[in-house]
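Novice: Each chain, letter by letter, is given below.
There are 2 protein chains.
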Amino acid sequence: MSLTVVGSMAYDAIETPFGKTDWIVGGAATYVAYAASNFVKPINQVSIVGYDFAQEEMDELTKRGVNLEGVEVVKDKKSFFWRGRYHMDMNSRDTLVTDLNVFTEFNPRIPDSYQGSEFLMLGNILPSLQTSVVQQMKQRPRLIAMDTMNFWMDNALDDLKKLLTMVDVLMVNDSEARQLSGQFSLVKAAREIRKMGPKYLIIKKGEHGALLFHGDQVFVAPALPLEDVFDPTGAGDTFAGGFMGHIANTKDISFENMKTAVIVGSAMASFCVEKFGPTRLKELKRADIDARIRQFVDLVNFDIQLV
Amino acid sequence: MSLTVVGSMAYDAIETPFGKTDWIVGGAATYVAYAASNFVKPINQVSIVGYDFAQEEMDELTKRGVNLEGVEVVKDKKSFFWRGRYHMDMNSRDTLVTDLNVFTEFNPRIPDSYQGSEFLMLGNILPSLQTSVVQQMKQRPRLIAMDTMNFWMDNALDDLKKLLTMVDVLMVNDSEARQLSGQFSLVKAAREIRKMGPKYLIIKKGEHGALLFHGDQVFVAPALPLEDVFDPTGAGDTFAGGFMGHIANTKDISFENMKTAVIVGSAMASFCVEKFGPTRLKELKRADIDARIRQFVDLVNFDIQLV
Numbered sequence: 000m001s002l003t004v005v006g007s008m009a010y011d012a013i014e015t016p017f018g019k020t021d022w023i024v025g026g027a028a029t030y031v032a033y034a035a036s037n038f039v040k041p042i043n044q045v046s047i048v049g050y051d052f053a054q055e056e057m058d059e060l061t062k063r064g065v066n067l068e069g070v071e072v073v074k075d076k077k078s079f080f081w082r083g084r085y086h087m088d089m090n091s092r093d094t095l096v097t098d099l100n101v102f103t104e105f106n107p108r109i110p111d112s113y114q115g116s117e118f119l120m121l122g123n124i125l126p127s128l129q130t131s132v133v134q135q136m137k138q139r140p141r142l143i144a145m146d147t148m149n150f151w152m153d154n155a156l157d158d159l160k161k162l163l164t165m166v167d168v169l170m171v172n173d174s175e176a177r178q179l180s181g182q183f184s185l186v187k188a189a190r191e192i193r194k195m196g197p198k199y200l201i202i203k204k205g206e207h208g209a210l211l212f213h214g215d216q217v218f219v220a221p222a223l224p225l226e227d228v229f230d231p232t233g234a235g236d237t238f239a240g241g242f243m244g245h246i247a248n249t250k251d252i253s254f255e256n257m258k259t260a261v262i263v264g265s266a267m268a269s270f271c272v273e274k275f276g277p278t279r280l281k282e283l284k285r286a287d288i289d290a291r292i293r294q295f296v297d298l299v300n301f302d303i304q305l306v
Numbered sequence: 000m001s002l003t004v005v006g007s008m009a010y011d012a013i014e015t016p017f018g019k020t021d022w023i024v025g026g027a028a029t030y031v032a033y034a035a036s037n038f039v040k041p042i043n044q045v046s047i048v049g050y051d052f053a054q055e056e057m058d059e060l061t062k063r064g065v066n067l068e069g070v071e072v073v074k075d076k077k078s079f080f081w082r083g084r085y086h087m088d089m090n091s092r093d094t095l096v097t098d099l100n101v102f103t104e105f106n107p108r109i110p111d112s113y114q115g116s117e118f119l120m121l122g123n124i125l126p127s128l129q130t131s132v133v134q135q136m137k138q139r140p141r142l143i144a145m146d147t148m149n150f151w152m153d154n155a156l157d158d159l160k161k162l163l164t165m166v167d168v169l170m171v172n173d174s175e176a177r178q179l180s181g182q183f184s185l186v187k188a189a190r191e192i193r194k195m196g197p198k199y200l201i202i203k204k205g206e207h208g209a210l211l212f213h214g215d216q217v218f219v220a221p222a223l224p225l226e227d228v229f230d231p232t233g234a235g236d237t238f239a240g241g242f243m244g245h246i247a248n249t250k251d252i253s254f255e256n257m258k259t260a261v262i263v264g265s266a267m268a269s270f271c272v273e274k275f276g277p278t279r280l281k282e283l284k285r286a287d288i289d290a291r292i293r294q295f296v297d298l299v300n301f302d303i304q305l306v
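Respectively, the protein sequence lines represent chains S and L.
Numbering follows numbering that gives the first Met the number 0, with no gaps: position 298 of the first sequence is 297.
Numbering follows numbering that gives the first Met the number 0, with no gaps: position 86 of the second sequence is 85.
Be aware that a few hints might be false.
As the list claims (entries may be wrong) - For lysine-lysine, the following BS3-like pairs were computed, each having C-alpha atoms within a straight-line distance of at most 27 Å: (1) K274/S x K204/L; (2) K204/S x K204/L; (3) K274/S x K187/L; (4) K250/L x K62/L; (5) K198/S x K250/S; (6) K274/L x K187/S; (7) K62/L x K187/S; (8) K187/L x K204/S; (9) K187/S x K160/L; (10) K62/L x K77/L; (11) K204/S x K274/L; (12) K19/S x K281/S; (13) K19/S x K77/L; (14) K250/L x K281/L.
Note that these hints are calculated values from the structure, not bench results.
Generate the whole structure from the sequences, applying the supplied hints.
Specialist: Structure representation (structure tokens):
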């Protein structure tokens, strides 16, 4: 079994109501890899970085079973850099700086050694690049999941819609689901979006949890009520990593197992937001993860006798 | 077993993105009674109405086992009237008219026949009146629950804080929990509020479900994902009615059973929002309720094997 992950590897500068960091590793594919590597090896990483991407970060990923053959290193450019500031409610953030740097020339190439990968996670990048990755896979992965964002709905909708016909699972947040479908009701939005291609839709609602839609079925996963959300950066990608990690580990793509995968993703995301960037993810032991998943069981479990 | 319910019985005029009604029965105690009467009889109602409150509404409540001895009828004044308009997201509403009418002279009196009631639901009214009801109960009910709102936090905070020391369960929405506690984090807000008195705190989050806090424990109930929220009027009171109805029916005030009660309340609220006012609640059969509760089981149920 293997999971191929495509997306950014970057550096971030983050300011939240609780603190500030000027230089911390980030990027969607980084978060996906940190989360998923707890469940499946190898992770076949596809990304691009500059000369400033620290060797120790590469080594840390390698140690966790992340294959970096598909990560292009550009010697004369800097890595993607983002600086942002979160507000108290953590749902809104201001982007202060976006330096694309090497990312302007990202043209993902799938190494031969990645062929045959059973699971594919397309992190949020230009839809045409996500499509290119799908097309490069000689054998279609058993499950293809993708993330995207409002920016591509505004600027590359045709490419996005073409890609949607090629994937199994779409993960977006509630406002993106509304924008993509033109429907305010998330139930109606889910129906419209699934007509566009993906049989499974996950709508992420941050502190309010996540919804999984498939056919006429829906599953609601809670978010763990936390003392503080210290830094939400990467939570969505960490969710994706936990979700795909569980699916790849169990090799079970049934709706029943996807429900569990959504809980695993939610558990991983609940760790991510506890410290800056992927700091907390780097510290995790398997026992921490098991205990957190048990907390999710307790969180939603109730006895019912219809009287 | 019996449940005593204190609160408004009123008429509403409601405008939502889906339609408009100029005259429909409403009021917190009305919604509580409609929901709770599916689970427990009698409901001992305490309220005040004017000459315009329709006899057929009274008869309908009586038929459902609602005791109206504690409902004062004022012959020369009109009932409480509220006119409001909801926006697309249904979380915000504009109050266009509030005619207190008879409500200015509401001074709830507990009839002798209500004494010994085991369960008490204090709907959202002036905290000093809620306190008066508690003080009139010669034997303290086994469980006292209350609702309140931001208006009383702004205008009667001392009375509210005094009342909080006398009740077991407080039900508020997320913004009210934040205002009352001065904490943005709902986990921190819950801790602060429970220091004020109530051992149990329910935070209602509308379409995002509800949280139940007790000691170090927390339970998350989903809201049912609906095609449309047609009219949210009374949903919180219907939740309270389902919650207290289940508790009174089972006579079990453990945290475990309160989790189930939160699900029952959520199920009843999910019906309430489907039509104007209490229209949908009036139509319900027991089988509808059982089926809806089963939907909630399916909504959150997942298999987990820690691997």
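Novice: Look at each hint and say if it fits the structure.
Specialist: Hints, verified against the model:
no.	hint	verdict
1	K274/S x K204/L	holds, 26 Å
2	K204/S x K204/L	holds, 13 Å
3	K274/S x K187/L	holds, 18 Å
4	K250/L x K62/L	holds, 23 Å
5	K198/S x K250/S	holds, 18 Å
6	K274/L x K187/S	holds, 18 Å
7	K62/L x K187/S	violated, 38 Å
8	K187/L x K204/S	holds, 21 Å
9	K187/S x K160/L	violated, 43 Å
10	K62/L x K77/L	holds, 24 Å
11	K204/S x K274/L	holds, 26 Å
12	K19/S x K281/S	holds, 19 Å
13	K19/S x K77/L	violated, 58 Å
14	K250/L x K281/L	holds, 25 Å
Violated hints, listed in ascending order, are 7, 9, 13; each of the other numbered hints is respected by the structure.
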